[in-house]
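Enquirer: Below, each chain spelled out in residue letters.
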Amino acid sequence: MRRALPGALSPVLFFAAAMAAPFVLSNQYYVSVMTLCAINALIVLGLNLLLGFAGQISLGHAAFFGIGAYASAILTTTYAWPIWAGMLAGVCLAAAVAWLIGVPALKLHGHYLAMATLGFGVIVQIALNETTWLTGGPSGFVGVPRLTLFGYTFASDRSYYFLCAGTLALAVALSRNLIASRTGRALRAIHTSEGAATAMGVHTSRYKLFVFILSAVYAAVAGVLYAHYLGFVAPASFGFHFSVQLITMVVLGGMASIWGAVAGAAFLTSLPEFLRALENIDILVYGLVLVLCMIYLPGGLAGGAAKLAKILSNRIAGHAGRA
Amino acid sequence: MPDAPEALLAISGLTVAFGGVLALCEADLTVARGSVTAIIGPNGAGKTTLINAITGMVAPSAGKILLNGREITRLPAWKRPRAGVARTFQNLEICSNMTVLENVLTGAHRLIGYSALDSLLRTPRFLRGEAQARSMALGDLAFVGLAEAADLPAGQLPYGSQRLLELARALALKPDLLLLDEPAAGMNIRETRLLGALIRRIRDERGVTVALIEHDMDLVMDLSDQIAVLNFGAVIATGTPSEIQKNPQVVTAYLGE
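Sequence order for the protein chains is B and C. For the first sequence, the working numbering gives the first residue as 1, with consecutive numbering after it. For the second sequence, the working numbering gives the first residue as 1001, with consecutive numbering after it.
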């Protein structure tokens, strides 16, 4: 049991560290970068449940992020819904769309599923661009109100960061619980062999649909947080490019690792901000960092950290043995 | 049918076609409760297709499959473990992304009662169900002799142990009928002998009826209560090992005219 304890405590530790961060990095700019990290980590966490654990790819996940963001933005601004209702509607709409798309698309495997979800993502972006009367078109949708819940307005960047980090910590805890359960094992079994999973009584199509909808919900929750944070949404933020970036975050963080998802999202979201200092060659260095990570950290950041921990503990054990 | 109570599995007129090829052609087979039945035959005779049809992985175009007297011919594959069927695979289908114990727990999927909501919130029901499943799974691992390896990543096990793990995972389903697709493939003589003893224990201690496809004739002759011979998709002979050895049709199928 001794070894299990830190594992159970880690979401709590993470939550504490995340809550303490803005006091250390009190600069407004850092806080806003960390807020975006938390929002992206939420999407990547959901995508990792789908891709890393259940082995089903989605190249259109930015669309669910966009559906959540736009639905809440439009309902609370144009139609003056209460913000909580708009957010709830945004998440529910994304879940409903995921259900509609998932039922036919998840019958496909591998490249075909990638193509189908890619197509879906492109369609959503075109729809956001073309329905100018509703979404404001390519120039975006402005004037989204700041989030107010139970009479409290998250006006300061710091308070908004606490909300996003808290949501992320909750999502981490729920994901960990799910993975270490009957459902999580069924999903991981589907990843390696749908045949074996079926032979063990797993209703594979139902589980695939479940995790697809769940990952869409994660993305949509991130979307509504995003819309009410920036106060502005534009179709360019929810396109194919961002979908690919999300996949990169999953792979770079570490497939099938909860902490890897958080680390990958935080790393790739903040990296361009740090590289700004390099001015003209920042995109080159960004590419170089990605290439080096893929060569030297095939298991992603999570795999690399595990390897490092193992080396260190062996070394400490070696010292203790000699002493 | 006077013998209905003893027959756990009764297959009649089972036909499976892949395009124009008949993989199974009106095959009949009866497996008595509490027996070990070996299914043998030349390559391409339809042995694996027979197991796939029983487990619902291919759809037969004609015929009937009765398990415990209940027709399961059209039952969806994922519901068949509930009806009492478990299987292993010719090419190992171990979940290498999980530990050995988690693999066996996956086998116990249908026996775990809590819901997804219970697991999200770690309710007492989840903890109770998980503890129960865990102790059952450890029991199954100990049964095949892999208790020590419970926390290892499944992919790290040597080949022979992965075969045993698949067996433990299938046993975790608490099946009435266990179908083994070439369980001794790739095993050495010593491992094969231990496997034979293990299959016997599965029948005697667990009360599980076993049907297996196997090419190792020493194992088949030693282990089986009944042997069914498949050739060109049809069962051409059934009987005890000594009857099968003397059957001229079987000798022809194996050695040619």
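FYI, nobody ran anything at the bench for these hints, they're computed from the structure. Accuracy of the hints is not assured; some may be wrong.
A few chain C residues that don't get close to chain B, going by computed Cβ distances all over 12 Å [to be verified]: (1) CYS1025; (2) GLU1243; (3) ASN1247.
Stretch-level coverage of chain B by chain C, calculated; a stretch enters the list once three of its residues show a Cβ under 8 Å from a Cβ in chain C [unchecked claim]: (4) 177-187; (5) 191-203.
For glycine and all other residues, C-beta sits at the position ideal for the given N, C-alpha and C.
Enquirer: Each of the hints needs a verdict: does it hold here or not?
Expert: For each hint, the structure was consulted:
1. Against the 12 Å criterion, C/CYS1025 stays outside the reach of chain B, whose nearest CB is about 24 Å from its own CB.
2. Against the 12 Å criterion, C/GLU1243 stays outside the reach of chain B, whose nearest CB is about 32 Å from its own CB.
3. With a least beta-carbon separation of about 32 Å from chain B, C/ASN1247 lies farther than 12 Å from that chain, consistent with its non-interface assignment.
4. Counting residues of the segment 177-187 of chain B whose C-beta lies closer than 8 Å to any C-beta of chain C gives 9; at least three are required, and the coverage claim holds.
5. Judged by the Cβ-Cβ criterion of 8 Å, the segment 191-203 of chain B is covered by chain C as claimed, because 12 of its residues qualify and three suffice.
Hint compliance for this structure: no hint is broken.
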